[in-house]
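Asks: Residue strings, one per chain:
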Amino acid sequence: MAQHACDLTFLSRSDGSALYSIGLTAALASVNGPGDVKVSNRLYNRSHVEVCYSPSTGHPMIRERALESIIMRTVEKAILVHLHPRTAINISIQEMQSDGLALSVSVNAACLALLDAGIQMKTTFAAITCCITPFGTILIDPTEAEIQESVAEATFVFDGSGEAKVLTALQDGHLSYEDFKRCLQQCQEASKDVFAFYRGTIEKKYQNEIES
Amino acid sequence: MDVISPEGLRQDGRTPTCLRDISCRLGLYDRPNGSAYIEIGNTKVLAAVYGPREVRSLSKQNLDECVIQCEMSRIAACQGERVRRPRDQRTRALSLQIAGVFHAAIRKTKYPGSQIDIYVQVLQADGGVTSACINASALALIHAGVELMDYVVSCTASINKTTPILDVTQQESVTGCEVTVSMLPNKGSVVSLDCAHTLHLDQLDEVVDLAMEGCQQIYKVMSQEVETYLQDKNAVMSHQ
Amino acid sequence: MKEVPLSTCERTSLVSSIHAGLRYDHRKFMEVRDITLNFGKDFGSCSATLGETRVLAQVTCEVVEPRPSRPNEGKLSIAVHLSPMAAPHLEPGRTNDIVDELQQILDRNIKESRCLDLESLCIQAEESVWQLRLDVTVLNHAGNLGDACNLASVAALRHFHRPDVTVEADGRVTVHTLEERQPIPTFMRKVPVCLTYAFFMEGEHCITVMDPTEQEERVMCGRLVVGLNPHGEITSLLFPGRMMMEKETLLSCIRKAFTKAKSVAETVQQAVEDDLTQRKTVSVKPRGYEVKNLRSDTDYNRWLIDQRVDKRKLMIEENVMPMEEEMQDPFEANVQQPEDSEDSDVNPPATSSKTPLGPSSHKKKKKESVMANGSEEEGDEEEEEVKSKLTAEDLL
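Chains as they are written, first to last, in the UniProt record's numbering: chain A, 1 to 212; chain B, 1 to 240; chain C, 1 to 396.
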């Protein structure tokens, strides 16, 4: 597994923000909310969640819209949206540097930014990407070069409960059922480390505040 | 092709400190509260003012003073090449600038909670477009009867090697810079300063001075036109 | 989301402290905030911070056909993006006044000033040239976006290296990858720097402040954006009105900007060169934007506070208190003012009533200074001066 690193409260104007990096891929997520919402988007019983993903070059196109929709569906399941009716929660994600893990870095950054902003969530969530080489080895958190060589790539988002249930699953390429199960198991194992990392980051944040 | 020929004349036969011919008219249309048309050489600009009237979006309303908005557009045939979109990023930036100029010049506290809209259309562009837009808008505001601190006059100037030149055309500004200065002629203060293309720091002084002189000349023409218009409408007081 | 409105008492407090010679972040009027530049792992990616304002610039290239009017020059296109990350009230994708202005400033300073040598981007005249695309994204809006965007863009352009190209005899063009051949840097003749001044009117007197923060931008009367390069050339000037100014004040601001521009240009050049030499010497690939390389805003604020506390400790140790003297000078200059301007309208153009809000605004100022400084003495002095100024006006 590659090196995970995170910095919370990165931006001064957002309610919560996180700079997250896995290996050489880095993304910056910022959360604003719950705040006021346009009349057209107002929902009587829950909050309206909006995700905005900006690539590092060019205008947002179809690929960015696809990522936005995946992230939004994942996040909606985790946030307690019914606690804040008639409001909006805005999540903005900026791709800083890409080395193949754009989706998992963005999802993890979004989770930590939500925690930093203090938005109530049912569960935390973590994304793990893995790929299968032509020899059958499973690599967790591969680099861009490794993904190019691989036969298939899969991303799973797990929830923070003990059993690591799957919230979202994405897969690209040829995968037999056996290989898929192996990937899922290995990613589940790896997700425990990621949740431990989240816990460590949040503890560090509040430890500083208790000391001062 | 030299901008200034060896005899000291420019492409169109003017001396470096000579303005182009200016003609302007107030009150072209009935519907807008104020309208004006100005021609500075080959640059032709039309301006219309609606206001003071009710604000369209309450979020922008300011209860201390009025809101000023400007929209500038160009017709497709205004330049040599067909202009693809009448309103694009460039015209939006210029509209913001024009609105900024009138923020300083209009007595905003006289119209709290209202909105003044200025619509400018460029019919032909041949250098000095921003200043023509500002001059036309000022005349349109005067025609609309909006209270101004003073006339707003604008002029462009440039520098060619070491000679400052006044009121540049499109051709002349391609090689050099184009400095647009807007000022209140009776008060002598500057309300807008804009420079496109590179200009050396030492030359800035003389270029700005020349542009301000040009503004005073344009002011004479504009105020003459306003007085003629008022006399025609018998709006001038008898004691004068 | 709607923009958080600035309350009248915040507005009054900001404006009156500027009139008294103080800025909320304890900078001098002509002091620019700290500049840091970080580079990504790829060439042409730069993140610049100006205090808390943070901007990301990325340069990419592709081969295209040249413009028919300029067949042997490359192309450069600049795009500015503003998302709700920068400030909650901004909407993604919608055209915005701020974006239009930033686009105009960058186009003028970088494209129209021809600081970048576009002829070196030509591969085959009239057939293929490189098009450089510069994308600037604002990550955090804490005032003075023009300067920050300009910094990031210039650094990214200087940092950028394009792939090497060979043209065969029969006209085929081969583009080499970065591993095959060393990429070629861009050539920037003159480094354009952008500086912003904010103006505050106090009756007839005009106060000039450099590098305004976001709150100062909301209460300022007018603004001047000067783009220049250390060779003494002005690349762009933008004084978008909103107030009347004397010509002399404007020209003197522009002249003063020149010395500042030199130091900023040097900082940029130094940072780019440092990063490039590091890439050449270190055999491991560069890490780029890593958590330990980029500094968050909370860390920056903590560092600022530590700096100020250290400075005060040092002065207490030396038994010298230049802080008081420093602060007295602007106060002396301004203490005469309340008497003169009692009759004229001292209120800034935006507010209408001040007197009932006097005590609450000065309490807020005290709280701010205590929290920001960690020491009581300076707070008391400010409190005294602000109090005296307010009581003079309370008499009106």
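Hints in this document: simulated from the structure, not taken from any laboratory. Every residue gets a Cβ at the ideal spot worked out from N, C-alpha and C, and that includes glycine. Among the hints, erroneous ones may be present.
[What the hints assert, rightly or not] If you want the footprint, here are the derived chain C segments under chain A, 3+ residues with CB under 8 Å:
| hint | region |
| --- | --- |
| 1 | 21 to 31 |
| 2 | 118 to 124 |
| 3 | 136 to 148 |
| 4 | 289 to 297 |
Asks: Run every hint past the structure and note whether it holds.
Replies: Tested hints:
no.: 1; hint: 21 to 31; verdict: violated (count 0)
no.: 2; hint: 118 to 124; verdict: violated (count 0)
no.: 3; hint: 136 to 148; verdict: holds (count 5)
no.: 4; hint: 289 to 297; verdict: holds (count 7)
Checked against the numbered hints above, the structure violates hints 1 and 2; every other hint is satisfied.
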